[in-house]
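Here's the letter readout for the chains.
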Amino acid sequence: MPLLRIEGVAKSFGNFRAVDKLSLDIRAGEFFALLGPSGCGKTTLLRMLAGFETPDEGRILLGGSDIAQVLPHERPVNMMFQNYALFPHLSVRDNIAFGLKRAGMARRDIAGRVAEMVALVKLEGMEKRKPDQLSGGQRQRVALARSLARRPQVLLLDEPLAALDKKLRESTQGELMELQRRLGMTFIIVTHDQEEAMTMAGRIGVMDAGRLVQVATPRNLYEAPASRWIAEFVGDINLFNGEVTSRENGRLTVATPDAGRLAVSELWPPVTRQVVAVAIRPEKVKLSRRAPATDGGASQAINRLEGVVTDVNYLGGVTSYRVKLETGAVVRASMANTARLDVDAYLAGQRVVAWFTADDCLVLEQ
Amino acid sequence: MARTVTRLTRFNMTSLALGLAFLYLPIVILVIYSFNASRLVTVWGGWSLRWYREFFNDRAMLDAAWMSLSVAAASATLATLLGTLAAVGLARGERFRGRALFSGMLYSPLVMPEVISGLSLLLLFVALNAERGFWTVTIAHTTLTMCFVTVVVQSRLSTLDRSLEEAAMDLGCDPVRAFLLVTLPLIVPAIVAGWMLAFTLSLDDVVIASFTTGPGSATLPIRIYSEVRLGVKPEINAICTLVIALIAVIIVIASFASKLSSARGESGAAL
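In order, the protein sequence lines correspond to chains A and B. Per numbering that gives the first Met the number 0: the first sequence ends with 365, consecutive numbering throughout. Per numbering that gives the first Met the number 0: the second sequence ends with 270, consecutive numbering throughout.
These are calculated hints, taken from the structure and not from any lab test. The reader is advised that the hints may include incorrect statements.
[Unchecked claim] Derived DSBU-like pairs (lysine-lysine); straight-line CA-CA distance at most 30 Å:
(1) Lys165(A) - Lys129(A)
(2) Lys232(B) - Lys129(A)
(3) Lys100(A) - Lys121(A)
(4) Lys232(B) - Lys127(A)
(5) Lys166(A) - Lys20(A)
(6) Lys165(A) - Lys121(A)
Here chain A stands alone, though its shape is the one from the complex (with noise of 0.2 Å):
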């Protein structure tokens, strides 16, 4: 039994479906991300989660039990706020104690939990002050510890790094991991930033328009999408339609109008539909001045595209290109600057031939 069942939750505002039967189970001691464009219903699912919406229909077990019902300040179970919602008019000593007091502890036991608290977010010096005497940074690690007080048995993230810049949000990815693993507590997070997701979370759960649309490891959510819509929500992709016309040895060829003829390797479970797309992601597209030539035969069946380079964009780490085909298809490459003094780069006009192998190549029935 995990820890978390959702089962067939479903809520509407009016005539607006914001989550749709949906369902998913959360393990103990799990860091999960739920992931999704604004208005996908991740926000509603994380409230109903914590009490502030109660659903239309379905069932959210905690520990075997259903809370769907149960009103907030009932619900073992703290939440994050996105904006923080910290007490302007309580210190950050007082804000941290707040739920601890309404749960009834003794003076002396709040005194050193919250003390324990503090220490743990690195407040220690700044429990006399009140959150507008904070900066950013420093009020997210309050909003963080009050939440954690109570030991919630799950603790809910509603964007919890939106308002940090970006170095911070780094560092506090990395602090928040660390926390996670050290109090051994089930975290579910809500973000619209699938960096932050993949960072963070063991698994995560991608939501769109109100349905859980695929739960995987990152890895898989990025290397495996399983429709085109998230292979393109997460991470850059090209993508060609077309259609399949041989298939042997679990080689499929797809000839598609804008990439001629592809070959692609058959993953589990195997492709059903004729009309399909092939994927590429770009930094698995190299780009050289010749094309390479085939080595060992059919185990590694190359894709070659020639074009011309249209865009250069240097970003730092990478290198995107985009190599405009005979056909008029665009196709974009990345490529780490692995080297400071980079004298094979392309420039804009060049010719080149982008190639890719069959088993980089994802095919996706839509």
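For this one, chain A is given, so just place chain B on it according to the hints.
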């Protein structure tokens, strides 16, 4: 945020001076004449505190002042209580049926001519066979000023971040305790400002009070009004000056309170 100080142009200075003069010249004249030693209102007879002494020896006037202050305090307190509850109901309650109608009706005293409210209240009290006096004026002023309190408190509540209450509930408060422990401390300045507004409005009012008061319980404005009809005594100037001073103090406090309230709100809402 840096406050920029801009130098006023000559045109701005002139228009500002004229505008202020238009508003305050009569009051300034009244204040100056309240220190007039002469018995005649329009003739300057040198500085004196004579009329203030006179006022503090005028039993009837002092009774009226006391009546006014106690009606103002009682009705402001009642109005604040009811107005705050109405504001909370409107800003935080579920979207109940007839909510728009309720809020519209709540604000009707803002636009209703005072003569009409006064008359309708008088008819009500007569129908109820209530003895007119302190309580009838207090109730009438409560109905008049409650909507002002509601406006002030509701505008504060609407800028208050709702997630603060949710956070309180998340941390173990039932809705009532969330309100008492988080919302109420944050809207106290607005409630104080609302109370002071209600207090000054009640202190000001002549029309509704004269409809709803009974014999022997005239408020200060009614008393002044009836005295003035017999000719302006310089004593009236002294009383008015005192009332102006009291109201000025209250308004300054109220505006500080609402400024404090919005400053707190910003720190809660921003991030």
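Consistency of the hints with the structure:
Distance check on the hinted pair: Lys165(A) and Lys129(A) sit about 25 Å apart at the alpha-carbon level, within 30 Å; holds. Restraint check: the Cα-Cα separation between Lys232(B) and Lys129(A) comes to about 55 Å, which exceeds 30 Å; the hinted pair is violated. Between Lys100(A) and Lys121(A), the direct Cα distance comes to roughly 22 Å. Compliance with the 30 Å bound is thereby established for this hinted pair. Of the supplied pair hints, the one linking Lys232(B) and Lys127(A) is violated, its CA atoms being roughly 59 Å apart against a limit of 30 Å.
The straight-line distance between the Cα atoms of Lys166(A) and Lys20(A) is roughly 38 Å, outside the 30 Å bound, and the hint therefore fails. Straight-line distance between C-alpha atoms of Lys165(A) and Lys121(A) comes to about 20 Å, which keeps the hinted pair within the 30 Å bound.
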